[in-house]
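J.: Given chain B, work out where chain A should sit, using these hints.
As given, the protein sequences belong to chains B and A, one line each in that order. Mapping of the first sequence onto numbering that gives the first Met the number 0: residues 0 to 274, in sequence order. Mapping of the second sequence onto numbering that gives the first Met the number 0: residues 0 to 551, in sequence order.
Because the hints were derived from the structure by calculation, they are not lab data. Glycine residues also receive a C-beta, built at the ideal position from the N, C-alpha and C atoms. Certain hints may be false.
[Stated by the list, open to error] Here are the simulated DSS-like pairs of lysine-lysine, each with C-alpha atoms no more than 30 Å apart in a straight line:
1) B/K155 to A/K492
2) B/K144 to A/K492
3) A/K548 to B/K255
4) B/K131 to A/K526
5) A/K206 to A/K172
6) A/K331 to B/K155
7) B/K258 to A/K548
8) B/K131 to A/K492
9) B/K144 to A/K380
10) B/K204 to A/K548
11) A/K548 to B/K253
12) A/K548 to B/K131
13) B/K176 to A/K532
14) B/K125 to A/K527
15) B/K17 to B/K144
16) B/K125 to A/K532
17) B/K131 to B/K11
18) A/K206 to B/K144
[Unchecked claim] Simulated coverage check for chain B against chain A, where a stretch passes if three residues somewhere in it have a Cβ under 8 Å from a Cβ of chain A:
19) 83-97
20) 128-142
21) 163-172
[Unchecked claim] Cβ-to-Cβ under 7 Å is the rule here; a few derived chain A residues that face chain B:
22) S54
23) Q381
24) V505
25) E539
26) L540
27) F541
Here's the letter readout for the chains.
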Amino acid sequence: MASRKLGNSEAKNNKWIKEGRGSGQHSEYKPWITVRDLPSDGRVHRVFGHKSQRTHHLLSDIELAVFLLLEWHQDIVQIREQFPLEIETTRQIALESGIDHPSLSGVMQYMSSDFLVNSQDPNQPKFVLQVKHSEALSDARTIEKLELERRYWQLKEVPWFLITERDIPETVIKNIKWLYPAQRDEIDMELLIQRVDYYDHHFTKNPNKNIIDICKNLDIAYELQVGESLGEVRHLLAKRCFTFDIFVLASKLKAKQLKTGTAKLLQEAYRVSNQ
Amino acid sequence: MTLPSNFVSAIYKDPGIERYRGNPFIEALTPIMSVQQIKTRLTGEIKYNPQDVFSNARERAHEVAALLDDFFQPIANHLQLEEKISIMIRGGYVGRNLADGSLNTHMQNGYERIMSGELDNFRFAQTNSTAKSLSLIGCSGSGKSTTINRILATYPQVIYHEQHNFIQLSYLKIECPHDGSLKSLCLNFFRELDRVLHTNYEDKYAKKRHSTEVLLALMSQAATQKAIGILVIDEIQRLSQRRSGGKEKMLEFFVALVNVIGVPVVMVGTPKARPIFELELQSGRRSAGFGSLFWQPMRAEKPSKDRKTGELRKTEWIAFSDKLWRYQWLLKRDETLSEDIRECWYDLSQGVLDIVVKLFVLAQLRAIATGVERITVNLLKQVYQDELKPVHPMLAALRSGDVELIAKYSDLQLVDIDKKVLDLRQKIDELKAKQDKEQPFQNNEQAMRLFNLLLAMDCDSQILPPLIERAFKDYPNLTVRELMPIVLDWYEKPVKSKTNKKQKNVQQTNWHTLDSDDMRFKFSQAKKGDLYKNLSYRDELFDLPGWIKQIG
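Extracted from the complex, chain B is given alone in its bound form (with noise of 0.2 Å):
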């Protein structure tokens, strides 16, 4: 739940349901809150998605950290953010469990769960993700409130879970910013494929040199532009046509530390361009 100064009344309720807020389907998807119905007090992200194709409303920095991942990771196959949850079911858990339903002048409140995630994993093809700072679970109302949600989600039968800012590595996020806006960016297979070979034939012979070093070099032997090559790998990495340990900074990679992708990877990323 995002801490929201406004609440909202029955109507503006009825209204958003009427809008089709929370329903929806991958780019159908409408989030429950958007970042327009949020005061400006916080940091909010508008950010495109690749695989829903739509808009994406992130109401914190934790929580576009999450989606980044989220987006990242090659099993996920949808990602609906501030998904509400059916305000009958909530208030009888309330009621059961002892706890006050969140209500602002008497009118009851829709709880909404950070990220309902569908995923290929066979293992858990499903699950919820609750954005919490790690501060805010010295709170005794949000731990009440998490136990609703708790509850909700174990009467669905999804796995629900809590993130906190403790969890995301840095280097991670930082790895996942840089590569996400290349991703987008089509190229021909067979291009993509001569410039995987291309550039594996010069990770190879300079083994210890730093990445950016390497593509320096190319740039000034090939009077590029300044930078070229540079965006050249970057794409490739974000094609995942060349692995790396993703806990490890991009900027201070080493060639060695680059795999070529399998041929399964390049086939993928091939299909994925041609969409």
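T.: Below, chain A alone, put in the same frame as chain B:
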């Protein structure tokens, strides 16, 4: 002749071993037991009825407290000791046969010694001692005395041989006196003899200002006369007290007892007694003729895998803690012992059996008294802090592994454990008084039981009382078992009038009584503002590191 109640008439059984045959002393003993028999005879019997979990708090407190007395789980250490004692008793008798006269030889020797007043004077050169001695060292609370008592209890203590008109004493257990003086040890010996045999040795010998030399000779004579099978001397570390001065003499006496008279001796003490035995070794005598057993606290090793079957082999600690874990009279108990709790339990108790059990009992009592109704890591830690203060130095010493420290603190005992149990019981009583005020059916034991049963099934404590009252009014002849589905039915489909009844919120002060997986319960168990540390990946925290790894 009617025998006193602690005497048994000898019944002779073939001991099955050639060396032992034809010796009435041995044939009259309990036959040698198999490992399985030993296990069942040593194991403490605890009556555990799962239903009792639902009886009221005060009754449960009694059940829990009974664990302190009744719980005994034999481990490898105990079995080893039993085997040694079993061999020692019989071996000691081999050289003292009632039927072939070798006992009389011993007695004659003893007589000579008393007359001359010298302990090492003996006439019949052929007296051949077959006795052995054993020393048993272990920390206070490792169950030395308990185990010895339980092992000895498998033998009849006094056996009357009608055929020979002879009384055989199969074992005698005495304690080393506080001041470590020989005289009081002799007194203890004769007093114990009198207690068991209804004799008057104390009047006859002890009160007559005999010198200790004479008293020792008299002791050895009595030991032969009554054919004592084994002499157990407990608290041997008290000998090490400096002002007694009789340390060497006493040890010499024990050795003589073994070598000359042929009574096997078991010396039991804490690691503090080690120097005594080392002293013995220096002087070239065999203090520990039959070896010395050193009882380490149980270790918490990782379970190893069986190479053939691939199954996990339970370590002693896991088996022991699992066994004890069954005996819980708590409404919200976890059926299986989680590794976190097991680890904490071990760390706090350091595998000292006595502390393991006491910690468990006190934790349960407190869980009942506070309404937490389950054992958690936090609860164990609190109980350890509040109730086990006196033994903290000893456990700290064990944790450090420093031998000198361990010897220094090895004697620490939890003396006032009963008082603590009483205190907790009183708290539970107060709790019950409070409950009685709140519950309308206070006088109805059955209703209370039903109430607790339904509570355990996650029913709401606010809605239940009127339903239960109604059930007992409407169906006075049904049993609790029959009433349960009826009440549950009402509970599931609430009557119209009840739906507008306002639901009471669970106040934060009561969060510790909620279910284990409730976030509010976890919050109540965490240190202030530190809930995050209590959460774990895959339970309530998303296992992000593991999940990212899958990207490749």
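J.: Now tell me if each hint is right for this structure.
T.: For each hint, the structure was consulted:
| no. | hint | result |
| --- | --- | --- |
| 1 | B/K155 to A/K492 | 22 Å, holds |
| 2 | B/K144 to A/K492 | 27 Å, holds |
| 3 | A/K548 to B/K255 | 19 Å, holds |
| 4 | B/K131 to A/K526 | 18 Å, holds |
| 5 | A/K206 to A/K172 | 21 Å, holds |
| 6 | A/K331 to B/K155 | 24 Å, holds |
| 7 | B/K258 to A/K548 | 15 Å, holds |
| 8 | B/K131 to A/K492 | 37 Å, violated |
| 9 | B/K144 to A/K380 | 29 Å, holds |
| 10 | B/K204 to A/K548 | 28 Å, holds |
| 11 | A/K548 to B/K253 | 20 Å, holds |
| 12 | A/K548 to B/K131 | 22 Å, holds |
| 13 | B/K176 to A/K532 | 28 Å, holds |
| 14 | B/K125 to A/K527 | 33 Å, violated |
| 15 | B/K17 to B/K144 | 26 Å, holds |
| 16 | B/K125 to A/K532 | 26 Å, holds |
| 17 | B/K131 to B/K11 | 26 Å, holds |
| 18 | A/K206 to B/K144 | 79 Å, violated |
| 19 | 83-97 | holds (count 4) |
| 20 | 128-142 | holds (count 7) |
| 21 | 163-172 | holds (count 6) |
| 22 | S54 | 26 Å, violated |
| 23 | Q381 | 20 Å, violated |
| 24 | V505 | 4 Å, holds |
| 25 | E539 | 6 Å, holds |
| 26 | L540 | 5 Å, holds |
| 27 | F541 | 4 Å, holds |
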